[in-house]
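Chains as they are written, first to last, in the numbering used here: chain A, 6 to 341; chain B, 6 to 341; chain C, 6 to 341; chain D, 6 to 341.
Heads up, some of the hints might be wrong.
[Claimed, not checked] Simulated coverage check for chain D against chain B, where a stretch passes if three residues somewhere in it have a Cβ under 8 Å from a Cβ of chain B:
hint : segment
1    : 41-50
2    : 208-221
3    : 270-284
4    : 293-300
[Claimed, not checked] So the derived label-pair ranges between C-beta atoms look like this:
hint : chain 1 : residue 1 : chain 2 : residue 2 : range
5    : C       : L156      : A       : I33       : 55 to 61 Å
6    : D       : F81       : C       : Q264      : 51 to 57 Å
7    : D       : K16       : A       : I33       : 20 to 26 Å
8    : A       : D177      : C       : D324      : 19 to 25 Å
9    : C       : K160      : D       : D21       : 36 to 42 Å
Bear in mind the hints are in silico, worked out from the structure with no lab data behind them.
Every residue gets a Cβ at the ideal spot worked out from N, C-alpha and C, and that includes glycine.
4 protein chains.
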Amino acid sequence: MIVILKQNAPKQKVDDLLEQLKSQGVGIHFSEGTHTTLFGLVGDVSKIDQEALEALDVVETVKRVSEPYKLVNRKFHPADTAVKAGDGVIGDGMFGVIAGPCSVETPEQIISVAKRMKTAGAKFLRGGAFKPRTSPYAFRGLKAEGIELLLEAKKETGLPIVTELTSLRYLDLFNEVDVIQVGARNMQNFEMLSELGHCDKPILLKRGLSSTMEELLMSAEYIVSGGNPNVILCERGIRTFETATRNTLDISAIPLLKQKSHLPVIVDPSHASGIASLVPILAKTAVVAGADGLMVEVHPNPPAALCDGAQSITPDIFDNVMENVRTLCKLEGKTL
Amino acid sequence: MIVILKQNAPKQKVDDLLEQLKSQGVGIHFSEGTHTTLFGLVGDVSKIDQEALEALDVVETVKRVSEPYKLVNRKFHPADTAVKAGDGVIGDGMFGVIAGPCSVETPEQIISVAKRMKTAGAKFLRGGAFKPRTSPYAFRGLKAEGIELLLEAKKETGLPIVTELTSLRYLDLFNEVDVIQVGARNMQNFEMLSELGHCDKPILLKRGLSSTMEELLMSAEYIVSGGNPNVILCERGIRTFETATRNTLDISAIPLLKQKSHLPVIVDPSHASGIASLVPILAKTAVVAGADGLMVEVHPNPPAALCDGAQSITPDIFDNVMENVRTLCKLEGKTL
Amino acid sequence: MIVILKQNAPKQKVDDLLEQLKSQGVGIHFSEGTHTTLFGLVGDVSKIDQEALEALDVVETVKRVSEPYKLVNRKFHPADTAVKAGDGVIGDGMFGVIAGPCSVETPEQIISVAKRMKTAGAKFLRGGAFKPRTSPYAFRGLKAEGIELLLEAKKETGLPIVTELTSLRYLDLFNEVDVIQVGARNMQNFEMLSELGHCDKPILLKRGLSSTMEELLMSAEYIVSGGNPNVILCERGIRTFETATRNTLDISAIPLLKQKSHLPVIVDPSHASGIASLVPILAKTAVVAGADGLMVEVHPNPPAALCDGAQSITPDIFDNVMENVRTLCKLEGKTL
Amino acid sequence: MIVILKQNAPKQKVDDLLEQLKSQGVGIHFSEGTHTTLFGLVGDVSKIDQEALEALDVVETVKRVSEPYKLVNRKFHPADTAVKAGDGVIGDGMFGVIAGPCSVETPEQIISVAKRMKTAGAKFLRGGAFKPRTSPYAFRGLKAEGIELLLEAKKETGLPIVTELTSLRYLDLFNEVDVIQVGARNMQNFEMLSELGHCDKPILLKRGLSSTMEELLMSAEYIVSGGNPNVILCERGIRTFETATRNTLDISAIPLLKQKSHLPVIVDPSHASGIASLVPILAKTAVVAGADGLMVEVHPNPPAALCDGAQSITPDIFDNVMENVRTLCKLEGKTL
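Could you put the whole structure together from the sequences, leaning on the hints where they help?
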């Protein structure tokens, strides 16, 4: 941590600050320039509050040198993490595809899709039971019944299921869910993250609409520091000025997150664009960008979907997606 | 709602669509152009799912004509709404100032600040008991004890208290809280919004970091449609490419939200900039922009604050803020 | 174009407006709903000024139905456009790679790089002679001498050259340049675009930092409507809130621009990320996203580069990039 | 400038780097931490290229400590700069209002508006002769004839005129123009900035749509370092994800730019929102934010305006704006 002092900061106040910092056990390297005086804090600075320092009269600004996350940092944990659920594995060379409808709608719908997804090569079944919707007047999912239907589909196919938790008060309903999804709008629901740190299920953590990669990693740190190392990061597009797509897929985030962290990273091409015709193309970019998996919305009849029909692809298109993924995974040395 | 058809959409499919829509009880106005064919849906279109229409083969795009919110829409409710708590009123000509520290820290801190704020002219006391923090290693508030201390400060001063709810599981602790704050990161926590629609306390709803004004109004619609009409909207800065300020205060949102909705709108100049020296200036802009109130972070000793010290002002500076607010409210015809 | 009227718009004023519009030769389809009255304009609406309509007392808002660009619109020109310069072709199934240093520095540098690029498989040589730089104190390129050196490199290798025009007053120096680059900061330099519409050289048009895809296509329309059909669009990253990368590569723009327009689209992975280690990965994503080419910054000794060293790759890394591009182009059915 | 080294950077390479930097005349303060080793560069670092350092194998990242601009920096020039043209003054306590139509249309229009603006209290007349337009099919201004009409209006009223230069090739036509405006899309047209540094007229420099405050100040530095100290900065809204307004007025930029620089700062509330009904409100926020002036689009008949009608106010509304500005300037201690 580097502290840059204000021009003409009174010597006495600066000395007091240095004493106080030393008493907190950090080392200090002082550097006086013509226009700028600064000092570096060395040692364990995790207890030093950057904002408190910046609020001091004598301080111009403070710059952090090391990342604020530790447990998810590749520097301190160089080997790739693989996250497993049932027969599905994501990370450390294993490419895992999660597929299924935006919402669980009927037993027929979810079971037929599940079978179709399994045949096509998906390793996980997704389906929304609790749906976050911008409008209070929109369909908000089948809730507990939706979870039941997913578990039936699991029984039929053996596919582990992935579904979104929208409130901790539903957590008891998720006992047999294999992977709990934290949606983009809950990425900084810190109460939820803390609680999920105490469970032993894999967590699929989606990047917030306007969250930086660092914030995503800090949210993962919440879960891992709670005791749960099974976190899958998911890039699903960020909000920008561009309105031609629903979100802007930040494809660079895939290799960069993998440089910075050992956690697996997957891509959701459906939410990233909001346009079904782009999904197969974005899925390919995800594989060559180094992603460890995909999450794709598939619906047997998109125009009749109760939610997100515009971005859902049909099972036939999904077969094409899987074919391309297979070819590209081979090139990338990944096992599908 | 206007539906624009794809070029060369097969007549039979279009006719089928029109029949289906008519059967849902909406009227249709058909318009065939040289390059573009479209039709407008009239009557009650609230049941028509825009996304499902957009997913249809024959549809190019769908444009909404009317706002998706009703209960918070000024068109259907022209008179200003005033929200009251204790002796404090915000809206309909009454300008209310909420002030206090980012976090409740000690009994002395919160009680002394509360007295000071009351003397200065604040009508509400704010203070965080549950603090959402980006890092799992940062101070997360005194929690239940913080609420207790706020209630003591209320007993001492009579000021109604405003504090943030970070999870529904703490709701029982908020029985005597006067105004429940929904933080920016929970603006689209729809479970929380729905639940708060069933309570009878005023809700202070902060705009999300990357939420549009329309999304903010839709979140307010969640609460109001649940049965709770007491919602205060709060502009607190949005996330943009500019990094010189913590957020970008969207000052135009004040008059625009007030044009579109009858709900009161306040401004949080502390989070909007993250820079203490800008707070008094942004507070002035809020008043002349037509805001119905302010929420300001004040700390007796900002550099020692456990949270957000860099953006907190001292009680003395707050006195200046109030003096300016008083002068400008008079010009604006608002009662402080 | 759809015109939505204000509630309670006086009938006389609306009738006047309709008369006036009819006199401009457009057809009108009127549609009266319960809450909303609107009408569609059909026929040639290119002369109707949307903003002027929106400024009318009786008009609530105006929505455009068709794209504002025509000559670059795939709807009116379904076949892919290929742009040629020397032996290089970009578009319509031909994948073209442009490579070279950010800035031309010395004869040795540019000639040795040019030879190396040709061997590696690049079809065009890039090099900056006029450099736009944020700081007036930074190196701004060798200017006329830089152009001379590029032409020497062309003589040595036969590679057509691509270089940026920063002001029309240098246009005379570009007589023997093969492809004129319009930089991101000049994407809406309409005077430059108009002038380049009158020349017969291919124009490489880079997307502006905060320009939408539609604005990029409108800028291309400037050039094409001036008489020059040889425009190559270039996605080079947009500005967002994320600071971990220099810009955010909008990978979805590739397939979307190609859906909307017949012009070829290439990707600049160097500026898109600003991080050399990401360049080879982003190059792969560009190919599978359907791009028609790449523009890559290559420098024999990046740390010694006078400009943009942090994002330049070495010739050896470029060999790897080309190998991957070759493999992926084969899969995509593109000819390299 | 602070250079943070990579973990395990080879000692020999680091020593070589230190030697090389010392030979460039800068001092070095070395600081070795447990996890991080870094050094500060002190003295004149303006010749050190940050990007080149960042490209080095041994360097993790480089952080700048001081601002990259000098001549426009308030640290080195604490007193406010006032810019004068004719009888108009902007800055150093003088509040100047620039008003007039988006485009010059006819002699009657511009002369009548000019007289009206003068009576209302404007000190400068604005009017576009060369208009940058997104579409090649839109009205692009009367060009040379527009300048002529502005000069006639000046002769009639004595008001100094402000008009936009869209290309250096028109510079000769600007000999009698009082203030040359550089539009948002030309804020980083460095050739234009350099050239305007050699002229002796005041330059009104508008912030780019996605330019940071630092970039705006760097563009001002271009002009001032060329020898022309008469620069007025103009905040006119930035591009964000919010679409309810044309741009997002960054009101915090006013006080922050004035803290960082001695140059005067004005606000353009017309482009900032694109909505006429917001203009009078945003004008008030500008005054209390500490702006030194305003630039407002006024048109006698906005719906008939050839450009930007939706954001133009009528002369009567402008009278109200001036009345409010007068009242607020008095409060702010500014002379109108």
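Within 8 Å of chain B (C-beta), three or more residues of the segment 208-221 of chain D: Holds: 4 residues of the segment 208-221 of chain D have a Cβ under 8 Å from chain B.
F81 of chain D versus Q264 of chain C beta-carbon gap, inside 51 to 57 Å or not: Since the Cβ atoms of F81 of chain D and Q264 of chain C sit about 52 Å apart, the hinted range of 51 to 57 Å holds.
Beta-carbon spacing of D177 of chain A to D324 of chain C - inside the hinted bounds 19 to 25 Å or not: Because 57 Å falls outside the window, the suggested range is violated.
Verdict for K16 of chain D, I33 of chain A (Cβ pair) under range 20 to 26 Å: holds, 23 Å
Satisfaction of the hinted span 36 to 42 Å by the C-beta atoms belonging to K160 of chain C and D21 of chain D: holds, 37 Å
8 Å C-beta test of the segment 293-300 of chain D against chain B, three or more residues: holds (count 3)
Given coverage of the segment 41-50 of chain D by chain B, tested with a Cβ cutoff of 8 Å and a minimum of 3 residues: Since 0 is below three, the answer is violated.
Coverage criterion applied to the segment 270-284 of chain D (partner chain B; beta-carbon cut 8 Å; 3 residues): n = 5 at 8 Å, threshold three: holds.
Status of the given 55 to 61 Å range, CB of I33 of chain A versus CB of L156 of chain C: holds, 57 Å
Violated hints, in rising order: 1 and 8; the structure is consistent with all others.
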